[in-house]
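Student: Listed below, chain by chain, are the residues.
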Amino acid sequence: MNTTNRLNHAYSQAPWRVQRQWVSIFLLIVLGFAMIATLYLMVTSQAAIIGREIQDLRLGIIETENTNADLQTKLAQLTSKDEVEKRAYALGFRPAKPEEVEYLYVPGYVAPKGVKLATVPELQPSAPSIPPEYTQSLLDWLDERLQTTGGGLR
Amino acid sequence: MRQQYAWRSLLLNGFLAFVATLVVLQMVRIQVSAEAEAFRAQADAFKGGYKTFYPERGEIYDRNGHLLAGNQTVYEVGVDLTTVIDPHSVAMAVSVNLGKDYNEVYSEILNPPPGLSYLVVDNFASSEAVTYLKELKTELSNSGNPTPSLAGLEFSPRLERSYPEDALASDVIGFVNREGRGYFGIEEKYNDLLAGNPVRVWVPNEPNRAVEIPNVPNGTSLILTINRDLQGAVEEILDQSLKKYDAQHGVIIVMNPKNGEILAMASTPRMDLNNFENYGVIFNNASEYNRAIGMPYEPGSVMKIFTMAAALDTGLVNPNTTYLDTGEIQVGGVTIKNWDNQAWGVQNMVGCLQHSLNVCMSWLAVQLGPQNLYGYLNRFGFGHLTGVDMSGEAAGRLKVPGDADWYPVDLATNSFGQGITATPLQILTGASAVVNQGRMVTPHTLYAMLRDGNQFNVPPQYAGSPIRAETAATLNEMLATSLENEASAALVPGYRVAGKTGTAQIPTPLGFYDLSQTNASFIGWGPADDPQFMIYVWLERPTASIWGSETAAPVFSEVAQKTVVLLNIPPDAVRLQMATH
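If you're matching them up, the sequences are chains F and P in order. In terms of the working numbering, the first sequence opens at residue 44 and continues consecutively. In terms of the working numbering, the second sequence opens at residue -9 and continues consecutively.
Since the hints were made in silico from the structure, they are not lab data. Since the model is a prediction, treat every value here as computed from it, not as a measurement. Hints may contain errors.
Once the Cα atoms are required to be at most 20 angstroms apart in a straight line, the calculated SDA-like pairs of lysine to any residue come out as [to be verified]:
no., chain 1, residue 1, chain 2, residue 2
1, P, 41, F, 99
2, P, 248, F, 155
3, P, 233, P, 448
4, P, 41, P, 146
5, F, 129, P, 249
6, F, 117, P, 119
7, P, 124, P, 78
8, F, 140, P, 226
9, F, 156, P, 249
10, P, 248, P, 454
11, F, 156, P, 448
12, F, 117, P, 262
13, P, 41, F, 108
Partner residues aside, some chain F positions facing chain P, computed with beta carbon under 8 angstroms [said to hold, decoys possible]:
no., residue
14, 74
15, 120
16, 129
17, 139
18, 161
Where a beta carbon is used, it is the ideal one built from N, C-alpha and C, also for glycine.
The shape of chain F in the complex, shown without the other chains (with noise of 0.2 angstroms):
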């Protein structure tokens, strides 16, 4: 008996060194928080100042489409068919007339068939295409490759 209460004695802790430990562990509980806390106010205010931004790009947008029709339509204004004929006019051109006209035949030359005002580019079939490499997922890999070598696991 006595020899279990000198073992009880000896192997536990001193009750300041309890306190400590609960004060730390508590302190810790707090430091997480506060951590967590900071980051969550560190994340929100980033994503917050980007929201911003992003608002405010919106409206840069909206101001700079309106300024391109504005400009489009000046420009339009500028190259109009009667602001262009008053300027040929101007340095000395005139209209001409069927009899004063010259065609010339250039051999393989096909003319212009309508205009084209796509931005997008069309694909061209010569255009290099993307290897598989950049585009497959690794199980996409896996299937083309159990496929290629016979499917015998299928």
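Based on these hints, arrange chain P on the given structure of chain F.
Tutor: Just chain P now, with coordinates in the frame of chain F:
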């Protein structure tokens, strides 16, 4: 000692718990109080609001990429009555720069209607005026003096339709009103495509939810088949012709007979589309907006093309079939005479067309019979809409046996273009079968659509084959020969053309024809062996001469000469020489 600390601790805890409870209770009280709804509404107002996003209206280009209809920024200028400091300066500034009445603006700022906190001063202020006002506002604000001040003056930008070519092709394009709705022509026909889809969504003020603001795609842009330069030239020729021949109104259409693309379409009167408010002053009714598609009329002898086409196609006659013209024919108890009241003797079918003999055509109509003639006219599209992609098309009228107002004599008069009404575009469409190996094209003005940076070209459509290819070729040759034999004013030096004049008396409301006034028309195409353009000319009530051969025919020639230059169509000799290479 330890007991004392315990009490203090307990008291402090109790106090804090009490305060916390009070806070919670206050929160609950606010939530259930009478003012709760007002608070919630206030909070919601700060959170964001519903907003309608209007896409930018699609642009309209001609076939060479020239902008015909675009957009430009205009501003709504208003006064925020809660922040205005110096009403006198604000009223003075908008009066000087926006042309508003100073006293009116000043009194409205001082005595606004009850409940109004924002006063709209101008809905469509120009960019230039607003830029100046903005600079003035900033300058006054930076001066440090409380007055003069433009504080409270607000500007909201938005896009409005603008037409850089003013009145050019106004009858084809149509216009857009202040509310953004298209009227007439392309603007009305393709209003939904051009306007895009407005989106009404909740827009949060919270920056974290900025990504929720939708990105509204712009309206679809359109490329027309119209050639701006040719359109301008045709309008100019039309205006000069009206003066030269003292005609009231007129129409000229230029179309590609192979695919139905309308290259130019001019009608009078026209309107500066940027001042569409003048619509009511310029036009009496909607059908006048574009006479080429909206105003059917009795076309006269140009209809003889279709009568002859029916006669040839049924095998009733061939170009060499002869007819003894005695100067009159009885149909349905009525005597039909030629335009000159003369007898032209023995004529073949080319002669009938060349001299535009009513008696010969009436004879053909009688030989064909009502079923055949009206069957062909129906297949040529008379009495039906052409399906052109412009708003405001009229169908014209083709009376047929069985109709209450059809009489047997109509069979004869219809054969030379009386008692039947059609629009210039209907006649052009029907005649495209003669030019296009028996196949009629559907006229159209849309060349391509532009959406999300991609261009989608519109394929041509055909409206049936009323006659055989052989008939078309024969009639084409007959019409070219008849013009040459006649030494018509419609001839174009260097180019072989085919066509037909038309001079039609105008019916009065009483049912009789006004013998003093006519509608002069000409339909023609060229080069005759490989037609690349078709032209229709209609001059309404010319007084310099009442005859289509002396008014509409030379106008056709003038338009054709301009067309061959602008479309790079070489003279026949050069073209045939090139073909041998």
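Student: Mind checking the alpha carbons of residue 41 of chain P and residue 108 of chain F for me, to see if they're no more than 20 angstroms apart?
Tutor: holds, 19 angstroms
Student: For residue 117 of chain F and residue 262 of chain P, compute the direct alpha-carbon distance and say whether it is at most 20 angstroms.
Tutor: Given that 20 angstroms is the threshold and the Cα spacing comes to 17 angstroms, the pair holds.
Student: Regarding the pair residue 156 of chain F and residue 448 of chain P, is the alpha-carbon distance no greater than 20 angstroms?
Tutor: Answer holds: residue 156 of chain F to residue 448 of chain P is near 13 angstroms, not above 20 angstroms.
Student: Keeping to a limit of 20 angstroms between CA atoms, is the pair of residue 117 of chain F and residue 119 of chain P held or broken?
Tutor: holds, 16 angstroms
Student: Does the structure keep residue 41 of chain P and residue 146 of chain P at a Cα separation of 20 angstroms or less?
Tutor: holds, 14 angstroms
Student: Please verify that hint: residue 139 of chain F, Cβ, nearest Cβ of chain P, below 8 angstroms or not.
Tutor: Holds, because the Cβ-Cβ distance from residue 139 of chain F to chain P comes to roughly 6 angstroms (cut-off 8 angstroms).
Student: Do the numbers back the hint for residue 120 of chain F, that is, is its least Cβ distance to chain P under 8 angstroms?
Tutor: holds, 4 angstroms
Student: Does residue 448 of chain P sit within 20 angstroms of residue 233 of chain P, going by the straight-line distance between their CA atoms?
Tutor: Given pair residue 233 of chain P, residue 448 of chain P is violated - Cα atoms ~38 angstroms apart, limit 20 angstroms.
Student: Hint check: is the beta carbon of residue 129 of chain F less than 8 angstroms from a beta carbon of chain P?
Tutor: Since chain P brings no Cβ nearer than about 12 angstroms to residue 129 of chain F, farther than 8 angstroms, the hint is violated.
Student: If you draw a straight line from the CA of residue 248 of chain P to the CA of residue 454 of chain P, is it 20 angstroms or shorter?
Tutor: holds, 13 angstroms
Student: Under 8 angstroms, Cβ to Cβ, is where residue 161 of chain F needs to be relative to chain P, so tell me if that hint holds or is violated.
Tutor: Where the cut-off is 8 angstroms and the nearest Cβ of chain P is about 4 angstroms from residue 161 of chain F, the hint holds.
Student: Can you confirm whether the C-alpha distance between residue 129 of chain F and residue 249 of chain P stays at or below 20 angstroms?
Tutor: Distance of about 34 angstroms is beyond 20 angstroms: violated.
Of the numbered hints stated above, those contradicted by the structure are hints 3, 5, 14 and 16, listed in ascending order.
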